[in-house]
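> Sequences are here, hints too, so could you generate the full structure?
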Amino acid sequence: MAYSNKVLDHYNHPRNVGSLDKNDAQVGTGMVGAPECGDVMKLQIKVNPETGIIDDAKFKTFGCGSAIASSSLATEWLKGKTVDEALAIKNTDIVSELALPPVKIHCSVLAEDAIKAAINDYKVKQGAAPLLQAH
Amino acid sequence: MKPIYFDNHATTQLDPRVLQAMLPYFTEHFGNAASRNHAYGWEAEEAVEKSRRQIASLIGANAKEIVFTSGATESNNLAIKGVAEMYAEKGNHIITAATEHKAVLDTCKHLEKKGCRVTYLPVMGDGRIDLDMLRGAITDQTILISIMYANNEIGVVQPVAEIGKMAKERGVLFHTDAVQAVGKIPVNVIADQVDLLSVTAHKMYGPKGVGALYVRRKAPRVQLTAQMDGGGHERGMRSGTLNVPGIVGLGEACAIAQAEMPEESQRLRGMRDRLRARLEAALDEVFINGSMEHRLPHNLNMSFAYVEGESLLMGIDDIAVSSGSACTSATLEPSYVLKALGLGDDMAHTSIRFGLGRFNTEAEIDYVADKMIAVVTKLRELSPLYEMVKEGIDLSKVQWTAH
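Chains as they are written, first to last, in the working numbering: chain P, 1 to 135; chain A, 1001 to 1403.
Read the hints as simulated data drawn from the structure, not as lab findings.
Be aware that a few hints might be false.
[To be verified] Heads up, simulated DSS-like pairs for lysine-lysine below, C-alpha to C-alpha not over 30 Å straight-line:
no.	chain 1	residue 1	chain 2	residue 2
1	A	Lys1371	P	Lys6
2	A	Lys1371	A	Lys1339
3	A	Lys1339	A	Lys1397
4	A	Lys1339	A	Lys1113
5	P	Lys125	A	Lys1397
6	P	Lys79	A	Lys1378
7	P	Lys46	A	Lys1397
This is the structure in structure tokens:
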């Protein structure tokens, strides 16, 4: 299978790899997927309490190159956005940015789910009502 | 630079000596081996008969017991369907194993639709069949046991001689798909009591598109219903003008394999063991799939836990290997062979098959080991699963989000 240059770039130079303190009240953690499906994404955001802006985002992904690239791209996009802006990120945006083929669309869906799960975790920690889960 | 080729279970590079032997049969000796009344036919026939002797010599058979085919898929089809049709009055039950190649499994599935009953034996954790289970599966309706000699993914060698003995005792025919074994380890149809045996040229440094089926002529004399009708070539078992250059190549490949096997298998085993030792020394949580004791000398199949197979292949794109991961196959299912060993989908997703061959070098082994270690280490830094395991979390207890 041929990978797009953008997928290769994220695979070879993944952005924002790592972990944030999941017990920090300002950190939201989303973990989606399952090992037997071949994809697990962990995505974390850290929200600045004063500005409401996502200051930092980290990821770790077990999955194919497209899954790694989707989550790496997601962390790039998350940084500097407000939580509400982050919720507007759609899997189709990831598909077009990375030029994912149809068989890899599920990687982008997983990344969108990870973003939503991380935001949900953050909101619950902040005492807000949980988001309705699409999946 | 072309990738280093470590996928010799898929196919092998044609040996230049084989090519040299084949070349005259494309041009000056172009005759039809079935032409009985002129020199062109005679020299083609002579070349075909020489090849028959070379193949027979490698597997301990008589040259008259070799039937040429287009490859092992055809040999397997001819053996299994040919027996099922020929012996339909005797019974309709076939026994095979879950880890067979699709050319055997799908042939059996086809026969099930035609009224045959097929038992698919499970394998033990080491990849071998349980002989007691085989014994228990044989009924008075059983006409054929088809169990491969060595597996194409995990290289595990089945207890072929024991199966042959059991089949003989119960009066059941025994077919073995031996494409991965012939030319690599000693195979002898007398000692193993095999009745039908499939081989192909391209897995042993010969050309693609040519293979053979060994069909026992004595004790018992095996009969087959032809699956290809026509001019009655190959004692009526396989019609079609013989692929003389290909057949010459198959014969030459067998002769070279026979002469060089002791040295070559030792060299490949040494290289394979070196690769394994280096990977195991540098990486934790790596697992061998299948028996190491009963295994082809040039095969290594390992799972690199917490690293997904396709991302691993992406990182080693200058090495040609294959993975048991779903993402590399069209079916979206991880390897059924690894699953038959009892591996979970998660471990099957992390497996890599290394198939060494005649043209690989020690330097390539070291390059592959270095590269594998670097890429696995990098991907584990990226792996949430590896992180969780290092934190002491039991992954089997985690509530994963179904997808």
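> Hint numbers the structure violates, sorted upward?
Structure breaks no hint.
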